[in-house]
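Asker: Fit chain F to the known structure of chain S by using the hints.
Order-wise, the sequence lines are chains S and F.
Under this note's numbering, residues 1 to 277 are what the first sequence spells out, in order.
Under this note's numbering, residues 1001 to 1292 are what the second sequence spells out, in order.
Derived by calculation from the structure, the hints in this document are not laboratory data.
One or more hints might be untrue.
Computed Cβ-Cβ distance ranges for the label pairs, DEER-style [unchecked claim]:
1. E60(S) x V1090(F): 42 to 48 Å
2. Y1029(F) x M44(S): 48 to 54 Å
3. I13(S) x P1144(F): 27 to 33 Å
4. P5(S) x N1239(F): 46 to 52 Å
5. Q1062(F) x Q132(S): 32 to 38 Å
6. L159(S) x N1239(F): 43 to 49 Å
7. W1105(F) x P5(S): 16 to 22 Å
Using 30 Å as the maximum straight-line C-alpha spacing, the simulated DSS-like pairs for lysine-lysine come out as follows [as the list claims (entries may be wrong)]:
8. K6(S) x K1169(F)
9. K1169(F) x K1290(F)
10. K1169(F) x K215(S)
11. K189(S) x K1008(F)
We put the CB at the ideal spot given by N, CA and C, even for glycine.
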Amino acid sequence: MSRSPKQVVLYLILAIMALGFIAPFYFMVVGAFQENPTNTPADMFPTGGWTLENFATINERINLPRSLMNSLVFTAGVLLGTLTFGLLAGYSLARLRWRGRNALFVIMLGVQMVPFQLLMIPLYVQVASYYQLGDTYAGMILPFLINTTAVFIFRQFFLGLPEEIFEAARIDGAGELRVLWSVAIPMVKPAIATVVLITFIGPWNEFLWPFLITKDADTQPLAVSLANFISNSARSEANPNGVILAGACALALPVVILFCLFQRHFRPSDLGAAVKG
Amino acid sequence: MLTRILGKQPFGLALAVPYVVFLAVVMAYPLAYAVWISFFDYVFAAPGMDIDADFVGLANYQAALTDPRVLQSFGNIAIFLAINVPLTVVLSMILASALNAVTRWTAAFRVAFYVPYVTASVSLIGVWMLLFSQEGLVNTILGPLAPDPSWLVNEHLAMPSIALYVTWKQLGFYILLYLAALQAVPAERYESASTDGAGIIQRFWHVTVPGVRSTTLIVLILSIIIGANLFTEPYLLTNGGGPDGASSSPVLMIYQKGIQQGNPDVASAIGVILVIGVGLLSLLSTRLTKES
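Excised from the complex, chain F in its bound form:
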């Protein structure tokens, strides 16, 4: 009887309980709470105090979507994704294929590609800040070609600079995922393509790209999620989403509205809109990578 309810080895449930409780406390509950807050007139209460929040329907969503700063941040993240996502997919696929095709120094190459991924963003932002500053090394090398105003304080270049930085920082992880996928592509397919007279580019296009399709979907979805989570870079690299909000992100807005200005309700509404957006883009990615 007990076996019918709990399964053959109910002890397994006991072993998994800490993890299940953890997921409930730091994932499920906050997720539901975030959605709840977004429909109420909610304020931070002092510890132990319970204030009855009023149901306000979609008022928080209306407040979020009519705020030009919030709209600007969503526009910025669209620019970010338009640069970061395609660049990430193309570069990581090409570099992984190149790594997979050579036999020497592969460990050294891999370490070089992975190292930005394992390093703290705060450290690397410190370095990029100096490299891309007005008097920085990048501008010195570019000489007369250096943009004015400089990268991070230029309203047209601030967001693309951040997109470039994040691509560089995260690329190693996606190279790793593609390397795993390439190991599963049967060598015979490359051989038969070669016998058919396909060159290196044709083999890449007709064997590699379709062979790693499922990984491309994962790379698309993960880079969209990571992009939508953008916070540290606009907070630190462009000094709070500057110049004049040109590099602000929705999560930076959540922080400013929710924590700094004490409007957790509007902040939660921004979060819910963001998650719906990520969901829609993920669906679109699934469609795009489906075999035709």
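Pulled out of the complex, with its shape left as it was, chain S reads as follows:
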């Protein structure tokens, strides 16, 4: 394609918008390491005033390793549940014929329409009072245990495999679990990468549910402890802006790094089909 004036305009639009999208990230990362994060455009490229003090301060206020650990356990629990049960459900929906399969698929489409927040009150009663799971990892993980979008993605990938390989394995006498484990799963490895990525960002970034269910600072994931810090005590710091940005970095960077490493698995074709069902 030739570099026509129209193409130049397109590149210009994309570049300006892309800058607008990442500028706040630049502000966040630079400000987190500044003694006094700037508010004037002239100082957007600081040459001095670098410090690690902001990270030390946020660590004193919210116990960073502990909060990160809680976020990690919460996220790992959801990943484990989604990878195990989501794979089983996706495979079953795509490749096995059983009564109720279509009904389940219709229900899954409906599930995506129910706003989670409506379920907040009953779930809170259920988990905190019936199951006594307040301030526990299990209580945090339970409502997110199996990511429905992930089930859609697995189903989509399993649907794309040729039926012959399954028939061949069955003729060789392999049971269904064996077919799933040794034939089907190795063939959908790209789907697993995509699912890990989209499932990871859910619990890692989730605020409302862990905020409701954890009162003890020792069990709060970083999103909750950072939000509490921002709304309660940040104002009393000597350099509140720098400390807030340092906390924001600590919460954002693990996901941003993971995303940049795995971004080729964040493909329109896979996710588009999954969302449409």
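Answerer: Same frame as chain S, now just chain F:
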């Protein structure tokens, strides 16, 4: 016989059982329970205690709909949707089309657009709070044009600021959906439009827009659902729906009434009204995107 009842491969049911149980426990049951609570005089009971709740008909709905704070929150979310939904559809469609039409740096552009979507809202709210504060970078750049009172503490600008923030935060996901849809629009249609003398804007209007119609419906419905779920932003960015409730949302009301003030029954009624509203708006979207 068993095959007739359970289907050809009943083992499939066994594999799906954990997921079915999960949906029943964290979706179906709470959904039914929420509706039930909204018709009863319900209070949080101590663990193990069963208190008989009285059926009160529509009293909780009446309490919700006569509370000016609740009505204000529904008005706020209408403002939010009126800004966020059209902006989301237009920007994501244009940016996806632009991305689809260029060949270089596409991976870099895509990462830039997706990154706010994958990042925690709590982090990004921290950044926006500083950028849009009274003395913040945005006001410094605007100089004398800076609004007074500033964005997040201005009753007319607080909700639009949140709508702008959410548009920016979520846009990458919708760009992704449109990119998927654009891959399915046959190239011949663009070529035949070009032969007919259509310019870039005409091709966008007559080929792209109708070609991605079904995705536009999904983007409309998803952005309405996400908008109706608004909680973290008014809770944190505008400090609990401030100034004076100007940026409160129905979900913030559910939290305040249900958890903070101990009225889960009225809170559930607000939730049911919200879901009915989302359902109606989704129906309207289906109508709007139907081929005429």
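Asker: Confirm or reject each hint.
Answerer: These are the hints, each one checked on the structure:
Under the hint 42 to 48 Å, the C-beta atoms of E60(S) and V1090(F), about 46 Å apart, fit the expected range. Taking 48 to 54 Å as the suggested C-beta distance range, the pair Y1029(F) and M44(S) conforms, at roughly 52 Å. At roughly 29 Å, the beta carbons of I13(S) and P1144(F) sit within the given window of 27 to 33 Å. Checked against the hint of 46 to 52 Å, the C-beta distance between P5(S) and N1239(F) comes to roughly 48 Å, which is consistent with it.
The given range of 32 to 38 Å is respected by Q1062(F) and Q132(S), whose C-beta atoms sit roughly 34 Å from each other. A hinted range of 43 to 49 Å holds for the C-beta pair L159(S) and N1239(F), which are about 48 Å apart. As the Cβ distance of W1105(F) to P5(S) is approximately 18 Å, the hint placing it in 16 to 22 Å holds. For a cut-off of 30 Å, the pair hint linking K6(S) to K1169(F) stands: about 28 Å separates their Cα positions.
A C-alpha spacing of about 28 Å is found between K1169(F) and K1290(F), which places the hinted pair at or below 30 Å, so the restraint holds. Distance hint between K1169(F) and K215(S) is fulfilled; the C-alpha atoms sit about 28 Å from each other, no more than 30 Å. Restraint check for K189(S) and K1008(F): the C-alpha separation of about 28 Å stays at or below 30 Å, so the hint holds.
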